[in-house]
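Residue numbering for the sequence shown follows my numbering, beginning at 2 and increasing consecutively.
No wet-lab data here; the hints were simulated from the structure. Owing to the predicted nature of the structure, the values given are computational and were not obtained by experimental measurement. The reader is advised that the hints may include incorrect statements.
List time: in silico DSSO-like cross-link candidates among lysine-lysine, alpha-carbon distance up to 27 Å [said to hold, decoys possible]:
1. K177 with K154
2. K294 with K308
3. K308 with K36
4. K308 with K177
5. K308 with K254
6. K154 with K294
7. K294 with K254
The following label-pair restraints were derived from C-beta to C-beta distances [as the list claims (entries may be wrong)]:
8. R290 with R21: 40 to 48 Å
9. D106 with P272: 42 to 50 Å
10. V141 with Y277: 29 to 37 Å
Note that the Cβ used here is the ideal one computed from N, Cα and C, for glycine as well.
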Amino acid sequence: MRIATYNVEWFNALFDAQDRLVVDGTWSGRHNVTKQDQIAALGTVFHTIDADAILIVEAPDHSKHRSTVQALENFAGHFELRTRSAVIGFANDTQQEIALLFDPDVVSAEHAPLQSEQAPRFDSETTIDLDQDAHPDPIVFSKPPLELVISPKMGTEFRMIGAHLKSKAPYGARSKDEEIRISIENRRKQLAQAIWMRGRADQILENGDDLIVLGDLNDGPGLDEFENLFGRSSVEVVMGQGHRSLFDPHAVKTVQTPFAERPSTARFFQPKEDRYLEALLDYVMISERLVAKSPTWTIWHPFDHPKAWNTPEVQRALLTASDHFPVVLDIDFENHT
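Using the sequences and the accompanying hints, generate a full structural model.
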C-alpha cells in the first residue's frame with residue numbers, strides 16, 4: 002500500500018463557490034502561477050505518485066456553503082484518479098482543511114476521534130504549562146488534526162493522525178523585538194500542540210493499535226535558534242522515545258546527525274534575501290510494529306528524486322503545484338512479520 006502526505010499550497014483558491022475547479026488563466030494562490038497551470042501540475046503529481054491514500058494538507062475549504070469532500074472528489078474526477086473518495090474530520094476557519102483522498106477499492110477510511118484525560122478531543126481545548134510559571138495556558142488547534150481508522154482491503158486495520166501544526170513564522174511583526182517575541186510565542190504554541198498530539202499517540206499505542214502520524218509539522222530538529230529555549234523540536238516531541246516511539250528515517254537522520262546534509266520537503270522563496278530556502282517540514286511517522294514490515298520512504302523532491310530529475314514534465318509539475326513536495330510511504334500490510 003502506498004500512503005502519502007502532500008501540502009498543496011492554497012488548494013482552496015482553485016475552486017469556485019460550488020466546489021468546482023476553475024481551470025482558467027486567472028492567478029492562483031501561488032505567486033505568479035495561474036489556476037490552470039497549478040491544476041494541470043497537480044494532476045501530473047497525483048498521477049505520478051499514484052498513492053492509495055493521500056493526506057491533503059491545506060485541502061479546500063469546508064464551511065456552511067462549501068464542501069471539502071465534494072471539492073476533492075471533483076478534483077479526482079477531473080483527472081480520473083483512483084483516489085476518488087475523500088474524508089474530513091473537524092473543519093476549521095482558515096480555508097486550509099486536513100483531509101484524506103483515497104482509493105475505495107484498496108482501503109476504507111472513517112473519521113474516528115478519540116479523547117482521554119491526557120489528550121482531549123482535538124476540536125476542544127486543553128491547558129499546558131509550557132513556560133513553567135505554575136499557570137497552565139489554554140491551548141486550541143486552529144487546524145484540529147484528522148483522526149482516522151484505516152481499513153485496508155488486504156491487511157490489518159490501523160489508526161492514522163493527519164496534522165498541520167502551527168507555523169512558527171512571525172507573521173505581522175513590525176520590528177526585530179516583535180519578531181522575536183512572536184517567534185517564541187508561536188513556538189510555545191506549536192510545542193503545546195505537539196504534546197497534545199503525543200498524548201493521543203500514547204493512548205493509541207497503549208491500546209495496542211498500529212499508528213501512522215503524517216502531515217506538515219512546520220518544524221524539524223535544528224531549524225531555528227529558538228529551539229534551544231525549549232530543548233526539543235515539535236517533531237521530536239511527536240516522535241517520542243522508547244518502545245512507543247514513532248519512526249521516520251528523515252526525522253531520525255536530522256536528530257542523530259544535525260550537521261549532516263538535511264533532506265528537504267519544502268522550498269520557499271525569500272524575497273528579502275532573493276533566494277530559496279529549503280526545509281524538512283513534512284513527515285510520515287509509523288509505530289514499532291509497522292517498522293517491522295520493512296517499509297520505504299520517498300520524498301518526491303524535484304531536484305533529488307531520480308524520476309523527477311530525469312522527467313522534465315514531472316519536475317516542472319512538482320515546482321508549479323506547491324511549495325511542498327509529497328512524502329510517500331510504501332508498506333506491505335499483508336506482511337505479518
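Verification of the supplied hints:
1. K177 with K154: violated, 54 Å
2. K294 with K308: Since the Cα atoms of K294 and K308 sit roughly 25 Å apart, the hinted pair holds (cutoff 27 Å).
3. K308 with K36: Given pair K308, K36 holds - Cα atoms ~25 Å apart, limit 27 Å.
4. K308 with K177: violated, 42 Å
5. K308 with K254: The hint holds at about 23 Å.
6. K154 with K294: holds, 17 Å
7. K294 with K254: OK: K294 and K254 at ~20 Å, within 27 Å.
8. R290 with R21: 40 to 48 Å: holds, 42 Å
9. D106 with P272: 42 to 50 Å: Holds: the Cβ-Cβ distance is about 45 Å, inside 42 to 50 Å.
10. V141 with Y277: 29 to 37 Å: At roughly 33 Å between Cβ atoms, Y277 and V141 fall inside 29 to 37 Å, so the hint holds.
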